[in-house]
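Participant: Residue numbers (this note's numbering), protein chains in the order written: chain A, 4 to 378; chain B, 4 to 378; chain C, 4 to 378; chain D, 4 to 378.
These are computed hints drawn from the structure, not numbers from a lab.
All C-beta atoms, glycine included, are put in the ideal place defined by N, C-alpha and C.
This list has only true hints and no planted wrong ones.
Chain C residues, not near chain D, derived (Cβ > 12 Å throughout):
hint	residue
1	Pro134
2	Pro179
3	Arg184
4	Thr186
5	Arg250
6	Leu366
Covered stretches of chain D, going by a simulated chain B footprint (3 or more residues, C-beta under 8 Å):
hint	stretch
7	120-126
8	151-165
Heads up, incomplete: computed chain B residues facing chain C, CB under 8 Å, no partners named:
hint	residue
9	Gln99
10	Asp103
11	Gln157
12	His158
13	Gly251
14	Leu255
15	Lys257
Protein chains: 4
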Amino acid sequence: MLSIASSTFATGAGARMIGRVTLHDTAERGFASDNYSGIHPEILAAIVEANGGHQVSYGGDVYTERLDEVFRDHFGAQARAYPVLNGTGANVVALQAVTDRWASVICAETAHVHVDEGGAPEKMAGIKLLPVPTEHGKLTVEAIRSQVWGLDDQHRAQPQAVSFAQSTELGTVYTPEEIARITGFAHEQGLKVHVDGSRLANAAAHLGVSLRELTTDVGVDVLSFGGTKNGMLLGEAVVVLNPELDRGLDRLRKTSMQLASKLRFVSAQFLALLEGDLWLRNASHSNAMAAVLREGLEGVPISHPVQANAVFVELPATVRAELHEQFHFYDWDVARGQVRWMASFDTTPDDIQRLVKATRAALATSSASSASSAE
Amino acid sequence: MLSIASSTFATGAGARMIGRVTLHDTAERGFASDNYSGIHPEILAAIVEANGGHQVSYGGDVYTERLDEVFRDHFGAQARAYPVLNGTGANVVALQAVTDRWASVICAETAHVHVDEGGAPEKMAGIKLLPVPTEHGKLTVEAIRSQVWGLDDQHRAQPQAVSFAQSTELGTVYTPEEIARITGFAHEQGLKVHVDGSRLANAAAHLGVSLRELTTDVGVDVLSFGGTKNGMLLGEAVVVLNPELDRGLDRLRKTSMQLASKLRFVSAQFLALLEGDLWLRNASHSNAMAAVLREGLEGVPISHPVQANAVFVELPATVRAELHEQFHFYDWDVARGQVRWMASFDTTPDDIQRLVKATRAALATSSASSASSAE
Amino acid sequence: MLSIASSTFATGAGARMIGRVTLHDTAERGFASDNYSGIHPEILAAIVEANGGHQVSYGGDVYTERLDEVFRDHFGAQARAYPVLNGTGANVVALQAVTDRWASVICAETAHVHVDEGGAPEKMAGIKLLPVPTEHGKLTVEAIRSQVWGLDDQHRAQPQAVSFAQSTELGTVYTPEEIARITGFAHEQGLKVHVDGSRLANAAAHLGVSLRELTTDVGVDVLSFGGTKNGMLLGEAVVVLNPELDRGLDRLRKTSMQLASKLRFVSAQFLALLEGDLWLRNASHSNAMAAVLREGLEGVPISHPVQANAVFVELPATVRAELHEQFHFYDWDVARGQVRWMASFDTTPDDIQRLVKATRAALATSSASSASSAE
Amino acid sequence: MLSIASSTFATGAGARMIGRVTLHDTAERGFASDNYSGIHPEILAAIVEANGGHQVSYGGDVYTERLDEVFRDHFGAQARAYPVLNGTGANVVALQAVTDRWASVICAETAHVHVDEGGAPEKMAGIKLLPVPTEHGKLTVEAIRSQVWGLDDQHRAQPQAVSFAQSTELGTVYTPEEIARITGFAHEQGLKVHVDGSRLANAAAHLGVSLRELTTDVGVDVLSFGGTKNGMLLGEAVVVLNPELDRGLDRLRKTSMQLASKLRFVSAQFLALLEGDLWLRNASHSNAMAAVLREGLEGVPISHPVQANAVFVELPATVRAELHEQFHFYDWDVARGQVRWMASFDTTPDDIQRLVKATRAALATSSASSASSAE
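Produce the complete structure using the sequences and hints provided.
Facilitator: In structure tokens form, the structure reads like this:
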């Protein structure tokens, strides 16, 4: 079994160690986010393997060249991938690829592009977002239709694209049929479709389908494909699936400050993730951990179907407070007492059991106290 | 001696190796750029050490916390560092920090921000650049003054900052005195000063001064501090030296798509670089290699003083063609027959000797051929 | 007494008249918008008076100088006015004055800035809007509060301002008390308040208060003050009421392409509007016409309180179709059968009576037909 | 015969005149700029004629409809005109029409877009400008070629258009042949050509050619056509000559805050200017006045060929000071003692004679004083 602990280079005799040590407890894991985790060992190994010697910078290296083929294997021969630095960057580059300067983009009110990107789509690319309310974070044709109007009205930033996350920010998953309905309607209306796939692997794992069946085959035009949340140190890719849109992407990437000079290290990580089945193993694992967690919470109010690696739970304030003392996680909607618990590629069954047990205990105490105060 | 080769994890028995191998020749090094190199072993070790377990994402980790102190050690107690993803991103974030929405920024015609960033300052931040001609890539008070006019003219994008690279894009270095003259004049005129320090370490190594003596002590307001070109996988930092300007930097970073989620790995690399003297060792080494190269080229026309890790050489076309067959490097100014040769932290004396020898040989052949054709 | 007749230029012997004629029916008026109307005679006279000779361009003229005083008379000694070209421009300049680069602005879902400006706030100024649902188009503290969160969250475009229209896009009016509640809450939260006052005069006329009582006195920070919809050919003004925000406004105006070169003609129009009581007469008149219309429609469903110069009416499709043949007006919400009828400074009582009569007739036919089809 | 006198509204019994008077001396004219002048009488008459009644706003009026035909008459059947508000706005809309998001635009160092628009191209549209030095403000193929490189380099904001002013900011004029050379080269290189024609009429008048011969016929793609400097109150037009580029212009105009609601008044002015020959009469007149001025200055150093309506003169400081006391004009290049004198449609021969006489007198005094001080 691979063991980073046994890695010799950190203790190599010749290395001038200057008191650097691992500053954190590597045994501690929480449920705050899949980006609290580190690097999967196979991906770290790929970084090491790609090191040494010189390689052409800015994407002219052999790893990036090879990656291009690998992405085509996954998404079809027409696909073209542009590795970038982070998820916000991927989305902003991708949205520029599907819009004119006068466009707006329809998304869910809960969309990462709308809520969590510091306004980067608007500020960096001038893209107006048209957020719509959804159930469980999933766009529908009806929801999209509510914003498809005024197409001949010069006063309205013209809706030119739909953007949705797969899996969603609320841990739900679109089926291929649902996506096909969205892309069908969108294309009919002249809109392009962008998928924020920072957790696309989790959706594919949940559905037991290929990445292609979730994207190319159901009409998605451009994809932000996630690496970071699935075990990479850092790296996402803008994947252009509709070849008509493959214009100037390398320039958009550069202009949008998303081009790494030593790109080989981003590409090598993606190779580790995508050449074999690591992407699927990692996603399946984190999904499975979420499912176990969900089962362990039988009887506790769960806000959304648990289809990927997130579990949204509603809990009394005292219970949340007690759990916050033991685990890292985020309150999602304080008004509703809702928290988000996320599993990661490195979440263990033991981690889940500890959380379940602690929750059960806190709930019991809480009930007892309620009962007692009700007497 | 540290040996990544002996790293066990890549060959760990349990790892499902799927045919990935190092795809490139790790013994090959050229002179194209310091970003053709890979990761310094000590920095790679730091990535490994920072791995495992969970850490708060987006900068709430202990490595980033520690890094803050380390930057203060280097730049003074008032300094505040914001690790970002790449050099273009660092510059665009930094320039936003020193400008209002109606500003322009004075820079050298040869500045990276003007020439090599795909228009990101203009496109992402709306910053108008006012490029001025220079000698050897270095701004002077006179050059800056040529653009400091119209300060009360509403039709002119108001000059609010000066931006220069240290060391410069042409391998030259500003002395602390030269910087003080620039910052003195700039401040007198109400302008802020930004330094693009993607190779600041090389300048410090050349001058034998501390990072602080080149920046804080001579009035620099905001700095882009480079890591990638000095041995990191990836990572730069915006360092605010003038505390009056430390407003909203974390938000500018996010909005500018420059915030890594697993920021601990960027910060851990910087710790490896900056806690000890690795930053200086790497820079001194690459400078030294450039100096050796320069000496070896005695008699060959050199375009600019060789003060950092770049050597600009003028060569006949046939010589350039012959050398291009053996080494990676860039033609800089084809009209002048000028090439750029850069040394990196991993350039060896042997690499230099091979280049010198090949150049000498090609020049000899070229002369002979000229002589012969002249007969 | 003013007499355009005395102007000699139009009858100058040398003028080569080339058959130009009035191309439209100057007796035709509809209910589509107050910007379908033309120029009020007194304002046209002011343009004529400001003509001839040379005046410093870009605001250095005596009309703009005088206007500055007039705005101070209306809004207080601290007020500073910047005449601009149109309403979208006024809003975009004003919103830039109350935000940093990383900000968002809270507005009503029905706000002109959100719905009718072609995305200019996002596209030209990078301002993210946070639209909230409202009743009758009016923001409340509760509605605003729903978006005031995440102020310490770097992932959220930081809410820094509230923007609302007075009178609103739905013809309703905020009382000074309602505004004070909004500004009180906003300031408490560190937010600035912008008022889109393209129809501020109508609100003041409705309430019988001064412009100042609706703005400066109740804590508004920056105002877009409308001229075009109240009888001007063209012209709005950004009025900075909070002197702390009066930084760089002239530059923002220029950079935002909102500075007229022959600014004297915009300023002269504003002088005609604001030096006397024309602003109030025009607004009172259009309000009164809307009130008469509303009274005439007794029994017909009215969607919103009629407080300014707009009447939103719900009508059967056949009735709308019939009326569209006789009058210009807009369907507002087709699903609800809602139309918007606007009165203008030049709407006459006769115009209103014709509309009322035609509506009554169409409704009667419609009822008869319904009754008949129900038999 | 048109008679504003017959307009009844100005003398309507009910108009409450409030003491407004013409605030400036309508007999005073200077040489500062053609935008210091007012409105030509025929154009003012057209505004009056277009007044009254209601017309569809935002361009749906009959004046704008008619204008479309008139522009086609001047520029060819494929031309499409979009009236906008000011010159900066026209240029920024036009440049967006010829560029992708990753583009740069080559222009003269002296170009209005570069020097006098407050950075609007960069700030509002993200367009990077590549200024090149010129002689007399005129681009040449050689000058353009100096910036046409790196077309396959993702680090360079891609040159996609050339923009030049006709007549230039220095009062010089491109011949059709010169333009054809520029457009030929540009198109060969895949670049589009934009002409800033805020004074195109002056160029046509100078050359004795039609507007079409200077634009459509020699390959210009998009034009900013000026009205304000040729006698209009306010108004320019973006004219798309290359039909391939006529995409989304109405939306770009709106998004760029350049759409007037009462557009009929902009269009009506243009009709007055363009339906007959007023555009040519005005331009010819101002050119002629400049020519007379130039002749009167025989022996005084003139910086640039006088081909349009500007004269750049070099004068001793004492002479400039003395003239500044009598006339409005701008010092252009203080270091060279250079001033700019501009003629306008309303400049009279007497105005010119006064200026010539004053200059001669000041020069004589200056010489005498020099001579005397030299004794």
